[in-house]
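Two independent chains are provided; combine them into the complex using the hints.
One letter stands for each residue in the lines below.
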Amino acid sequence: MSEVRTLVIDGKDVAASSDQTVLSAAKESGIHIPTLCHLDGLSDVGSCRLCMVEVEGSPKLFPACATKVEEGMKVTTNSDRLVAYRRNVIELFFLERNHVCAVCVANNSCELQAQAKALSLTHFELPALHPELAVDATHERFVLDQNRCILCTRCVRVCDEIEGAHTWDISGRGVAARLVSDLGIPWGSSMTCTSCGKCVQVCPTGALFEKGRSVAEPKARRPYVPYLVEAQRRLS
Amino acid sequence: MSSTGAPAPNGSTEASARRRKQGEPLLPQGPARASANVCQAAGCLSLGSDRLFEAICERVQAKELKDVAVRRVGCLGLCAAGPLVAVPEQGRLFDYVAAEGPDGPARVVAALESGPYEPGTPEGGRQVDQDPFFAHQVKVVLERCGAIDPESLEDYLASGGYEALVKAVTEMSRDEVISEVVNSGLRGRGGAGYPTGLKWRTVAKSSGPDGKFVVCNADEGDPGAFMDRSVLESCPQQVLEGMAIAGYAVRAERGFVYVRAEYPLAVKRLTSAIRQAEREGYLGREIAGTQFNFSVEVRIGAGAFVCGEETALIASIQGGRGSPRPRPPYPAAAGLWGSPTLINNVETLANIPSVISRGSSWLSGTGTEHSKGTKVFALAGAVVNTGLIEVPMGLSLRQIVFDIGGGLPSGRHFKAVQTGGPSGGCIPEELLDMPVDYETLSKAGSIMGSGGMIVMDDKTCMVDVAKFFMDFCREESCGKCLPCRAGTEEMYRLLDRICRGEATRSQLAQLESLAQMVRATSLCGLGQGAPNPIFSTLRYFRDEYLAHIDDHICPAGVCEMAPELVTTGHHAGGEK
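In the order they appear, the protein sequences are chains A and B.
So in my numbering, the last one in the first sequence is 236, and the numbering has no gaps at all.
So in my numbering, the last one in the second sequence is 576, and the numbering has no gaps at all.
None of these hints come from the bench; they were simulated from the model.
C-beta atoms are modelled at their ideal positions from N, C-alpha and C, and glycine is treated no differently.
One should not assume that every hint holds.
If you only want the chain B side, here are some residues facing chain A, beta carbon under 10 Å, derived [to be verified]:
(1) Q318
(2) G319
(3) S323
(4) Y330
(5) S360
(6) V518
Chain B with its partners taken away, still in its complex shape (with noise of 0.2 Å):
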């Protein structure tokens, strides 16, 4: 291997003058006193972090602060109060830094000049430690994030990075490896929350003429779901050590990146760091002077949300088009071109470094008994922290949605959290306390799903929100099996006409068997989980479906109802 654990040195560094090229980090001779960490991943990019970057790079160097760098790096967490920038050496994180004009720079240059100031001005920024945002975190996957450039390895081998994959290949045997994963308890981070470990032994024990494939599932596409973009975006080296342990442990040579074509700056960053990783030997033949050879190509989906689900991926990757198919045989044994084949999630197997380098028991350290570790979620909606967190399992809701979340913007009232995407439910306040885990989410009538949760006020009509799924699923259905295909279609159109308040009660009726069949009878995780924002706001709504239906009424006022229902004044319950 040509290059050890030891940050290698930047150009920028040379003793000269300061000169660096745009959009290369700004680094001083020696250690930092103080380091501004700017953002560039997509939320505080598409608000000119990029921009913000260069000018607090000029200003620095207008200023000849010689002790001073300021980096690149992933995404910071608070992604509603973009531009973000940290200052890690004070603590501090610096939120709504206009990119435009020179205040904001101006902001940041004098907190690294003469700070730290008095938290909570505009030169003392958040302090870090203090605000429940950040204090009720536990960063494993995103360990990194915010805190490296993303798109240097160097950065990410002076972090650790990559030593689990050398302990791996090296210390370690294939079945250590994977009795590592099994007894960390790692379950899929995906939605189903399938044991990791054993996913890995069903693999590892299979065997096929053609070998094997390792695949990471990351064509996210939950509405309002961003964790693996983020992951990807600000520390894809992980991701692909993971699938690097992964390959070794289940003897396979190949892997592929699945990502949605959605996310331009993830496939960048993340065929960047391939060919970073090759070029330093961590990935490609004879990783870490052992016999184990491992490559990884990026696959970009077109667009089909059903495309994450593991048989219509496989079928994509394969060139085919993007539709699933009974299971079993499952890919563990039969999945690309008919070879075993391990599927996982982005954020599992941003897990996997941390699970081999510090040992099972740490992972299974945090969490609840049948859930292991931390789970990042993608907290929005109304909420005033919007943004990325990785919070233990088991954390309560409300904890959740107040301390971090930091409540609802002011003037609204909770009603709602959504999670699990548009296979997901809707769980109530009185719900609140209850610990996030997958059991717990799944007896409430939601699921775990890949972390996207999304926040609801009392101006939410709960009948709507389950139109919007059931509108998203129509749209993404792939059109193969008929329960899914036809009956999202007459799901969606009884849920427009109860929004209308032009439903009976046995329309209503005919929607709950409609969707008990579709759940039932439907061929793969789209269909079954399509009725449940249906399922889920019946069960603890159904007070709103019937005013729609009864009384012509959105309790939420969000609906409008059609013309000829809408009377004078009081409501017209009971004409018809």
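In isolation and in its complexed conformation, chain A is listed as follows (with noise of 0.2 Å):
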């Protein structure tokens, strides 16, 4: 059961369920804060730290993803540490992986790019990894470029959420941390893909691709994860 919640979000009074996020309730009203790692209809994680909002009376920052709404809160989305912070963000998530966006099939329809552009991100002041990675291009119809992965774990979610196949995890940590398909065996003679193609629609950047696709391929997103989650609910 949820009851109304009142709350102002960067000045504008707002009225949310109790069940909603902070991220929900300022996409209601017409308040956009940039996120990565979340996608309507899937559960949330809040691992990409992009949507961090101030709460006033609070030394500490909240992601919006992950954070309901309570009554009388005061959020701010969008101070300039909070900017310096999620420029910091993409910045980070550039550096850590080998983004080239010329040669990238998600090229103009990344939401890595975007993001950047929306920041106005010129250059990166920190140096770049450059980590040594694979491609697995052992699936008939797909592939999975390691190096413009950004562990945003969408299709490690719709995979296990929707699909219900479980195909892919995480595995290793910190920045070895590596998307794996079954127990980290090549993708093609995974035992439990359904090869369904949700991971390939949801994933951001071009981690994840159809095989044939040209650089910089217009690709279609729809947010059609929330019609899964209404036709499951129906059918169950």
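Encoded structure:
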């Protein structure tokens, strides 16, 4: 059972139900908070830290996607500090893997690239890590390019929560964490993958893509996961 | 209940001959005139104290000393000087007792036979009540460490063990138990110092359809810290008793101890302690003849430091990948399998039996206004007396390092003391007189942490220290959230450049701003705390960073400069 909560986001009065997150309440009121790991229809993990917001009365920052609304909350989504941190976040995403937009299949339809543009990120201050990463093209229809993966785990969640296959997961830790299929075997030999392609659809970058796509070929980005969730709900 | 507080007669006390199986204690008929308590915790064991125990037993048997006991006990504290043997009747402690050869056992047996001798002599040992290492200590958590056999429930019962649990379940209401803990002012000993009573009350008021859980966090992982290990190796029953009291207070029927796999001896003793407590009815069903049921299982970690973080620990117990999730919901509301879960550290739980049996005012009588009771520290690094200590809150760092620790080895000078592990900080000489409590340490840019305390001398480079801890954090980052995953790696690389003399002042500024960002945006305590060693070393030792950057010199002589920066003779400051 949810109750009504009233709060203030960026000076704007907002009414939301108690089970809503700050992110969804803001979205309803037309306030944009940038996100990467969040995707409507999937559970939230709060891992990209792009949607961090300030809440009056707390020195801490809160991930808008994983913070429930509270009565009387005063939220700031766009302070100078937050914008600076967001630029840091995007910069670190670019630096930890090898993101070369010019030769990427997701060029111009990449959410990471779009965030960088929105934050007017023109150059990087810190050195790039330049890891040596593999490309897994063993699947007959799709490719996993670790160079472009930002570990948002949308693919992991859509495969687990919507498709129910749980082919994807994360292996290793820290900067050596990698997306793996099954228990670390090539995607093509996965016993659990149903080749449904949902992971490819939800990937925000060019890490998961369909074979045969050319660089910068426009990719339709429909928010279709909520429809699948609704369909599942009606069928069950 | 099948057993009361009286110690069970031991098989080895049979009148005929003092025969015993290997590993069993050698006990006299009637009270012992003198007893040798041989430390069997990991530190002394690694020096052969198990063989020493057998050798002493053999010698005592050969000499037919009828009124002498030889026991296996837990940690005696002065770990650096092991193997250790205590003779409590004479108030003596023998250090560096050689396990190999006849000399070590002979020393101890001579003291047993016709001691006490003059302290300070080989047969006299150290006089405990005069020794500054012991004199400043107040033992609550470590009360039984080194006094009883860690694997004997009888010993624990004989020393008043499980009286608190029986009192709690038979004489006190749940709310009274919680009130005692609240009034004692006990705060979490795992590092953050959250009020224990408040946490208990929160869990007690939460409800879940599938019951509640009590978890003991024994995933101690800070470099140089071994408090929880020593407690579990020396007196596992005390922790189990604390858990059972917690279970009673919050209405939980199941408990888990999450202990790291790197502590095999602790796991072994804990497992055997659980079995014994179940057999005697102190765990399991209908404890002390009441309706209260409580069982405990051991869960072993797989080597991830981050699993000490409570939400990662929960994920790990559930069989998932040990990575944290955003809080709220806190485990007190939704923890193991979504049920309310009380998570306390080993040392916190080990305090509980005393709080219940002696009353809250007894604990709150020790310590400072906001930090009550005692704290166990693992004193290590450049200090004479390395070991496990327990001191009242509010003692000064100077007393800990110079009185208890005996100061630095000769010819070396104090530089800093590091507390709180990889999320902690370095405290310089000018702050040595500050009292050790949660607030003061945090004001000084460090944290209480779980109790690691590393003394550093003038041959320590503080930039290198910051780099060491950053290396630790980047290795241990789970990789879930970006700031910790990529940020710790970038910070490590920047620190490495500074250490090699290759960094510029603008890169130092970059390091600082990145550290701010990682602290503010990381998901869990590991990432949020990872920049702390940088902040604290910059706060007190910025000149050392600048010496590396401007002059390409490591003042402590630790860091090797990049070859192209090494000039003949004088420094090359300002060339860039």
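Of the hints stated earlier, which fail here?
1, 2, 4 and 5
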